[in-house]
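Asker: Sequence:
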Amino acid sequence: MVLEDDQDIREIIGLLLDEEDYEVKLYPDIRSFRKDLLFIAPSLMILDVRLPDGNGHDLCREVKNDQRTLGIPVLMMSAHSSLTEVNRKCFPDDFIAKPFNIDDFVARVNAVVN
2 MVLEDDQDIR EIIGLLLDEE DYEVKLYPDI RSFRKDLLFI APSLMILDVR LPDGNGHDLC
62 REVKNDQRTL GIPVLMMSAH SSLTEVNRKC FPDDFIAKPF NIDDFVARVN AVVN
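Sequential numbering of the sequence shown, starting at 2, is according to the numbering used here.
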């Protein structure tokens, strides 16, 4: 599950993960992400920090504190936050700064999932 409000970045991530044979669900906002989370058990969540209807920090905390989802790895990404800031607000399994190197992004996703 990928939560990213920037359509171009969302589509690029979708293409990259599709090429790696991941089944990808893309979401532009927290509302649509939460709706599907009730019915999907993803192997990974990729969350942007700044979103139009909230922030990824809060969602990451919710995921990590919910018995149904606490075992799902979370990769946070942001152009405006640092690893230190993200780790203070939630405890993702990994963080990547935007803009990101495509090969590094794919390697981090594979490492978190495996």
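Treat the hints with care, as some may be off.
Said to hold, decoys possible - Think about it this way: if two alpha-carbon atoms lie no more than 25 Å apart in a straight line, the pair counts; the simulated BS3-like pairs of lysine-lysine are: (1) K65 <-> K36; (2) K65 <-> K99; (3) K36 <-> K26; (4) K99 <-> K26; (5) K36 <-> K90; (6) K26 <-> K65; (7) K90 <-> K65.
What the hints assert, rightly or not - Pair by pair, the computed Cβ-Cβ distance ranges are: (8) G55 <-> Q8: 25 to 33 Å; (9) F40 <-> N88: 25 to 33 Å; (10) A112 <-> G15: 24 to 32 Å; (11) K99 <-> G55: 15 to 23 Å; (12) H81 <-> F40: 27 to 35 Å; (13) D19 <-> K99: 27 to 35 Å; (14) L39 <-> P100: 27 to 35 Å; (15) T85 <-> S33: 25 to 33 Å; (16) A42 <-> N111: 13 to 21 Å; (17) R69 <-> D105: 29 to 37 Å; (18) S33 <-> L71: 28 to 36 Å; (19) E12 <-> R89: 26 to 34 Å; (20) D54 <-> D22: 13 to 21 Å; (21) E20 <-> T85: 26 to 34 Å.
Hint data in this document are derived by calculation from the structure and do not stem from the laboratory.
Idealized CB from N, CA, C, for every residue including glycine.
Asker: Now tell me if each hint is right for this structure.
Answerer: Results of checking the hints against the structure:
no.	hint	verdict
1	K65 <-> K36	17 Å, holds
2	K65 <-> K99	23 Å, holds
3	K36 <-> K26	12 Å, holds
4	K99 <-> K26	20 Å, holds
5	K36 <-> K90	23 Å, holds
6	K26 <-> K65	20 Å, holds
7	K90 <-> K65	12 Å, holds
8	G55 <-> Q8: 25 to 33 Å	18 Å, violated
9	F40 <-> N88: 25 to 33 Å	30 Å, holds
10	A112 <-> G15: 24 to 32 Å	19 Å, violated
11	K99 <-> G55: 15 to 23 Å	18 Å, holds
12	H81 <-> F40: 27 to 35 Å	31 Å, holds
13	D19 <-> K99: 27 to 35 Å	20 Å, violated
14	L39 <-> P100: 27 to 35 Å	32 Å, holds
15	T85 <-> S33: 25 to 33 Å	30 Å, holds
16	A42 <-> N111: 13 to 21 Å	19 Å, holds
17	R69 <-> D105: 29 to 37 Å	30 Å, holds
18	S33 <-> L71: 28 to 36 Å	22 Å, violated
19	E12 <-> R89: 26 to 34 Å	31 Å, holds
20	D54 <-> D22: 13 to 21 Å	31 Å, violated
21	E20 <-> T85: 26 to 34 Å	32 Å, holds
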